[in-house]
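Visitor: Once you've looked at the hints, dock chain B against the given chain A.
Letter by letter, the chains look like this.
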Amino acid sequence: DAGITQSPRHKVTETGTPVTLRCHQTENHRYMYWYRQDPGHGLRLIHYSYGVKDTDKGEVSDGYSVSRSKTEDFLLTLESATSSQTSVYFCAISESRGAGELFFGEGSRLTVL
Amino acid sequence: GDSVTQMEGPVTLSEEAFLTINCTYTATGYPSLFWYVQYPGEGLQLLLKATKADDKGSNKGFEATYRKETTSFHLEKGSVQVSDSAVYFCALSDLSNTGKLIFGQGTTLQVKP
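Those sequence lines, one after another, are chains A and B. Going left to right, the first sequence walks through residues -16 to 96 as our numbering numbers them. Going left to right, the second sequence walks through residues 2 to 114 as our numbering numbers them.
Here chain A stands alone, though its shape is the one from the complex (with noise of 0.2 Å):
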């Protein structure tokens, strides 16, 4: 198994406090990636990273920010967290970005109240 650890597994928090999610990788693999799972959504990438400092948005990171400060760690914050961020987050990372496998962590249960 890829060595992918989440961080909190699970949380509860309120509207408007701040969380962060951290995933941490042992491959040295250099892309990695945040998801959200949403029933009738699928996945849906929030934000991805190819390389240290290299962030770039995805199709939902409205209210999300990320930082990648080394190859193994990258987080997820949500500044003032909502009631509509309560999801499942899972952490992904790739070795390379052509037509590869994404491997992916075992996600972070995050309800806002």
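Derived by calculation from the structure, the hints in this document are not laboratory data. Model, not experiment: these values are computed from the prediction. Incorrect hints may have been included.
[Stated by the list, open to error] Which chain B residues stay away from chain A? Per the calculated CB distances, all over 10 Å, these: (1) Gln7; (2) Phe19; (3) Asn23; (4) Lys57; (5) Phe63; (6) Glu64; (7) Lys69; (8) Ser73; (9) Glu77; (10) Lys78; (11) Thr99; (12) Gly105; (13) Leu110; (14) Lys113.
[What the hints assert, rightly or not] Label-pair ranges, simulated between beta-carbon atoms: (15) Thr(-4)/A - Thr109/B: 24 to 32 Å; (16) Ser(-10)/A - Met8/B: 31 to 39 Å; (17) Leu58/A - Thr13/B: 38 to 46 Å; (18) Ser80/B - Thr(-2)/A: 21 to 29 Å.
[Stated by the list, open to error] Sample of chain B residues lacking proximity to chain A, with all beta carbon distances greater than 12 Å (derived): (19) Thr25; (20) Asp55; (21) Val112.
Think of the CB as a built atom: it goes at the ideal place given N, C-alpha and C, for glycine as much as any other residue.
Guide: Relative to the frame of chain A, chain B by itself:
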């Protein structure tokens, strides 16, 4: 933009029944196509892939053929088992060369003994 459409679930089958999960896509070019599977409480994992027209991906008894003329990549298995119960996602590769995938909404399969 590019998109993936899957048949709605849930799909409920008896053990040893034949499985088909339909997937069609819209893309401006010729993406690679993937099927991912998500078992309860886990992240997604690659089931099979095809990188060009008429390619057949196969794994664990599952098959899917890349059909350019019908823009489809239907997943099939001749005889399902209870252990195949999971959520199945069809996906295509984004042709912007960032390695990111675009996912369908997912189809839940439940196999009963």
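Visitor: Which hints from the list above does the structure break, by number from lowest to highest?
Guide: Checked against the structure, the hints that fail are numbers 1, 11, 12, 18, while the rest are satisfied.
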